[in-house]
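The listed protein sequences correspond, in order, to chains P, D, A and W.
For the first sequence, my numbering begins at 69 and goes up steadily by one.
For the second sequence, my numbering begins at 69 and goes up steadily by one.
For the third sequence, my numbering begins at 69 and goes up steadily by one.
For the fourth sequence, my numbering begins at 69 and goes up steadily by one.
Fair warning: there could be bad hints in the mix.
What follows is a list of derived Cβ distance ranges for each label pair [stated by the list, open to error]: (1) D/Asp-127 x P/Asp-149: 51 to 59 Å; (2) W/Glu-108 x P/Glu-272: 39 to 47 Å; (3) D/Pro-202 x P/Gly-189: 58 to 66 Å; (4) P/Gly-296 x W/Asp-106: 33 to 41 Å.
Quick list of in silico lysine-lysine cross-link-like pairs, DSBU-like style, CA-CA up to 30 Å [to be verified]: (5) P/Lys-174 x W/Lys-174; (6) W/Lys-138 x P/Lys-174; (7) A/Lys-174 x A/Lys-138; (8) D/Lys-138 x A/Lys-138; (9) D/Lys-174 x A/Lys-174; (10) P/Lys-138 x W/Lys-174; (11) D/Lys-138 x D/Lys-174; (12) P/Lys-174 x P/Lys-138.
Okay, the calculated bits of chain D under chain A, using three or more residues with CB under 8 Å as the criterion [as the list claims (entries may be wrong)]: (13) 92-98; (14) 289-296.
Source of the hints: derived by calculation from the structure; they are not laboratory data.
For each residue, glycine too, the CB sits at the ideal point set by N, CA and C.
4 protein chains.
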Amino acid sequence: MVAVTIWNEFRHEREDDEVAAVYPDGIHATLAAALEDDHEVRTATLDDPEHGLTEEVLDGTDVLLWWGHKAHDEVDDLVVDRVQERVLDGMGLLVLHSGHYSKPFKRLMGTTCSLQWREDGATERLWVVDPGHPIADGLDEYVELPETEMYGEPFDVPEPDRLVFTSWFEGGEVFRSGCCYRRGSGRIFYFRPGHETYPIYENEAVRRVLRNAVDWAAPTEGAPRTFGHRD
Amino acid sequence: MVAVTIWNEFRHEREDDEVAAVYPDGIHATLAAALEDDHEVRTATLDDPEHGLTEEVLDGTDVLLWWGHKAHDEVDDLVVDRVQERVLDGMGLLVLHSGHYSKPFKRLMGTTCSLQWREDGATERLWVVDPGHPIADGLDEYVELPETEMYGEPFDVPEPDRLVFTSWFEGGEVFRSGCCYRRGSGRIFYFRPGHETYPIYENEAVRRVLRNAVDWAAPTEGAPRTFGHRD
Amino acid sequence: MVAVTIWNEFRHEREDDEVAAVYPDGIHATLAAALEDDHEVRTATLDDPEHGLTEEVLDGTDVLLWWGHKAHDEVDDLVVDRVQERVLDGMGLLVLHSGHYSKPFKRLMGTTCSLQWREDGATERLWVVDPGHPIADGLDEYVELPETEMYGEPFDVPEPDRLVFTSWFEGGEVFRSGCCYRRGSGRIFYFRPGHETYPIYENEAVRRVLRNAVDWAAPTEGAPRTFGHRD
Amino acid sequence: MVAVTIWNEFRHEREDDEVAAVYPDGIHATLAAALEDDHEVRTATLDDPEHGLTEEVLDGTDVLLWWGHKAHDEVDDLVVDRVQERVLDGMGLLVLHSGHYSKPFKRLMGTTCSLQWREDGATERLWVVDPGHPIADGLDEYVELPETEMYGEPFDVPEPDRLVFTSWFEGGEVFRSGCCYRRGSGRIFYFRPGHETYPIYENEAVRRVLRNAVDWAAPTEGAPRTFGHRD
């Protein structure tokens, strides 16, 4: 069974009633509920020692999910180093919504990961532009989300190895919402949907994408990564 | 100066008053007008001998533009062979709008090049998703086209080497509207905008894209392409 | 269990004693032996009715292997159409060695698929350049093949979506020997090693690659591929 | 005229007689000689104030070349930030040989950029695997370098957007020696050849590649990169 660690900043839910109303136990708890039927799931948060991401936890993690939006700067660079190293060594990484600005994602992309945004609660349609991709397994041609925060292009990331979703927004924008990357032996998936006050992670199709993406990102055996002097 | 040949099916304009009203001299004439200030331009049409694409014409062509939509099947396979060979050898190819279903494009892509469509005359916004690309030179963050035929995903083409534009449609769809490919030594650009009854090719930003794309697709010197037995 | 169909031209083995000595039951039989422990395997050959690739056979095939080298032109275009359509619809395709010049591969690539070659029986080292790829599972950093036919660059194929192997040849050449593509919903893997008089398919590491590649190329569920007019 | 800044660590040439014998005025002087006929060239070194890469210098640079191998860690992170920012904003970057381990390259790639190496002075053949690429303009099918340091796979970088060269080494290894990337609006080219005691940068074909790569990496106009809140 794939071992999943869900990392959540877990500040906003404890400080803001509106957020707490949507995610009373934290976004990580809702994400865990989406995955725990067929994955081994644990959670970790910013205020845990070492943010909950000790060497031991990461060594035992196949796929790490990352949610954060208000306190990116508080993540310790040593933990970022550790996450980067584990990804290059094969651990999968799912970066969710505002996690585009997280330190691990920016580190692994090498770009600013900036974008345009507007919090207008308008409709989003998440179109499958790569219907043959396993992350799209079992979806319809698009997923409609009635109330979302808009993210618009340009999105300052490297051209994805594979683009699975492109979002249409009622207000007139588009966004590359499902981006696959490999870095070292690790698979990385950026998935746009999510928000702290819209209940996006209760949506069944979104939960299906999360499960698909975790399974896609799980490490494979591969071949040796041997570096250095060669006789 | 880059030598451009504009190929047009040129049937609809001669048979249909509505089309003739928009493009009285044929779509090729309008496209030529967009390019002729800084390119050496000639035109060729389906009903010319060898569709106007003799060996001599193609040998003298740096970049070929292709427009067709009603008579794709009437294009002779020998001419398709010739176009494919010249592209692999370095000639640029711009495939416009309904040209997605043309024989040369399907031949070079290896897929059906199918898509979804609706002729509703609604608004399209052509977002630049790769602002660093030379095909986007001089554009604003998007190009708005007030009345267009919709093309929607999925678009059955190989993942583009580089995606420059993604369209947003008023009716709720998205489309990868500016797709760059290299095949052999040749550069190929698929560009969605265009229609026989909407005056898309009169739009200044669209004309700018056409000029940029021609310059991008022009052959470079390269290195030898030597094949076969090697001593 | 993944349903595999192995297609072999099966002419040379019946006409040439040297070839028959290496592959007495045909190359397809040796390939079948490499796969049949954990796959459901059937075979088909050029001289079977419809080359053994009826609609029914292809509909029941998850992954098709293709070996041919002397009689590519005798493959019926209707069968090529059928293979292309099935690949776009999700069937995996492994193209082996001289199959680079087969009609289905050229059709799906859109290029000549030409290369340089020399039959000198010298050593090849097949380096893993993407150690995180599942096709490299369980391999060492390279596979050494003591006697091979050389294939050299340039290789006239589209830039692979993912390059898994690059070959080093004793005589001074290199070659992109393991190339992954997606076309439509189908996964395509070109794998260089193989020859009719060197017993390449008896090599354990090569057989491991074949098994890995079949598993990688097997169809996933995906999302609908709906085309045409949209209301 | 393209404005080029050549950055050199410039330590080894001042400390080691063998290195000084090959590059008496520093590697930057030899690189400058290869470019100055048709480019506006200046140089900068590690021991200059701000390593010679002030805001003003970088603002006036179209393409930056980077050579370093012994003192990567001494490069100030503020200068690395500045280089990264300028690349994302459009400045070209050529990373040479041991510069694979430089801070700017690792920052922009997001990976370790590790590889295998052996200083054996054996022959390298740099094969053009993408003959249609402008960086290969005017080359033959390969460039032979009689005495080089070997670099071998795996090379821990993201899959290149475009692979132009693959090296064959006499000792049995291969390496992706010419790797193109875009990050933000900037073009990055990693080029393997070079060494402090082999006179690689005196080789005419290598110098041609440097000139081609500088021209390829020069900024284009592009479209706006607007980020942040959108009304």
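The hints, checked one at a time:
For D/Asp-127 paired with P/Asp-149, a C-beta distance near 57 Å keeps the hint of 51 to 59 Å intact. About 60 Å separates the C-beta atoms of W/Glu-108 and P/Glu-272, a value inconsistent with the hinted range of 39 to 47 Å. For the pair D/Pro-202 and P/Gly-189, the supplied restraint of 58 to 66 Å is violated, since their beta-carbon distance comes to about 38 Å. At about 39 Å, the beta-carbon gap between P/Gly-296 and W/Asp-106 stays in the expected band of 33 to 41 Å.
For the hint linking P/Lys-174 to W/Lys-174, the alpha-carbon distance of about 13 Å falls within 30 Å, and the restraint holds. Restraint check for W/Lys-138 and P/Lys-174: satisfied, since their Cα atoms lie roughly 27 Å apart, inside the 30 Å limit. A threshold of 30 Å between alpha carbons decides the hint, and for A/Lys-174 with A/Lys-138 the separation of about 15 Å falls inside it, so the pair holds. Between the alpha carbons of D/Lys-138 and A/Lys-138 the distance comes to roughly 39 Å, so the proposed pair goes past 30 Å and is violated.
Using a Cα cut-off of 30 Å, the hinted pair D/Lys-174 and A/Lys-174 holds, with the two alpha carbons roughly 13 Å apart. For the proposed pair P/Lys-138 and W/Lys-174, the alpha carbon gap of about 27 Å is at most 30 Å, so the pair holds. Restraint check: the Cα-Cα separation between D/Lys-138 and D/Lys-174 comes to about 15 Å, which is no more than 30 Å; the hinted pair holds. Proposed proximity of P/Lys-174 and P/Lys-138 is supported: the alpha carbons are some 15 Å apart, at most 30 Å.
Restraint check on the region 92-98 of chain D versus chain A: 0 residues with Cβ-Cβ distances below 8 Å, three needed, restraint violated. Requiring three or more residues with a Cβ within less than 8 Å of a Cβ of chain A, the coverage given for the region 289-296 of chain D holds, as 4 such residues are present.
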